[in-house]
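Take the sequences, apply the hints, and build the full model.
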Amino acid sequence: KNEVEQSPQNLTAQEGEFITINCSYSVGISALHWLQQHPGGGIVSLFMLSSGKKKHGRLIATINIQEKHSSLHITASHPRDSAVYICAVSRGAQKLVFGQGTRLTINP
Amino acid sequence: EAQVTQNPRYLITVTGKKLTVTCSQNMNHEYMSWYRQDPGLGLRQIYYSMNVEVTDKGDVPEGYKVSRKEKRNFPLILESPSPNQTSLYFCASSLEQGKGQYFGPGTRLTVT
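Protein sequence lines correspond, in order, to chains A and B.
For reference, each letter of the first sequence is one residue, going 1 to 108 in this note's numbering.
For reference, each letter of the second sequence is one residue, going 1 to 112 in this note's numbering.
Calculated from the structure, these hints are not laboratory results.
Hints are not guaranteed to be accurate.
EDC-like cross-link-like pairs, simulated, lysine to aspartate or glutamate; straight-line CA separation at most 20 Å [claimed, not checked]:
(1) A/95 to B/79
(2) B/57 to B/30
(3) B/71 to B/30
(4) B/17 to B/79
(5) B/57 to A/67
(6) A/54 to A/81
(7) B/69 to B/96
(8) A/95 to B/1
(9) A/68 to A/81
(10) A/95 to B/30
(11) B/57 to B/79
(12) A/95 to B/59
(13) A/95 to B/62
(14) B/99 to B/30
(15) B/71 to B/1
(16) A/95 to B/96
(17) B/99 to B/56
(18) A/95 to A/17
(19) B/65 to B/30
(20) A/95 to A/81
(21) A/95 to B/53
(22) B/57 to B/96
(23) B/69 to B/30
(24) B/65 to B/53
Which residues of chain B face chain A? A partial, calculated answer using Cβ under 8 Å [what the hints assert, rightly or not]:
(25) 8
(26) 10
(27) 42
(28) 43
(29) 45
(30) 63
(31) 64
(32) 68
(33) 88
Even for Gly, the Cβ is constructed at its ideal location relative to N, Cα and C.
Below, the structure written as structure tokens:
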């Protein structure tokens, strides 16, 4: 079993829908990261959280430390949100362990 | 412009021919890392560095070397590349421990 599990692996939705991507982890962590990988391959760091909730534009990330679970939400989804979303956990210092990623496709 | 640069972006080489992938950041970041990304396996950490002359192994360090002689540069060295090192490689940096990382554009390496 992977230390970091994401669901779903693939998600297709219509423009405007509310999107939720989930991440569960099995080890103690110092922080959780959400990354976005564009179709061209570039990776952008979206959020880093150790507790609670963060919001940036239409993106919201939450984490429940007790349940070892995080969610990434996208409100009013748009085709430009189509990408692979990757959850990663920090296990001290700069050691990162990644989930497999969720491929999101938003159709117009 | 704040950025992480990698060179080369694409490389095809042969088994056993030593190569270096360079990584440079212009943000005065202390932390730098190397990752490889493979289909079905996702991203995996190769090495990371918390400061000049301080490096440590990630999850898949075998077959790789790194050095951190200057804060801005963190080259990845493959002394004797093998076909199983064919992959997409990313370098990343961050200001402090636990902060969000800035990723380079990636280097696609093919070893034949």
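| field | Structure versus earlier hints, numbers of those that do not hold, lowest first | value | 1, 5, 8, 9, 18, 20, 25, 26, 30, 31, 32
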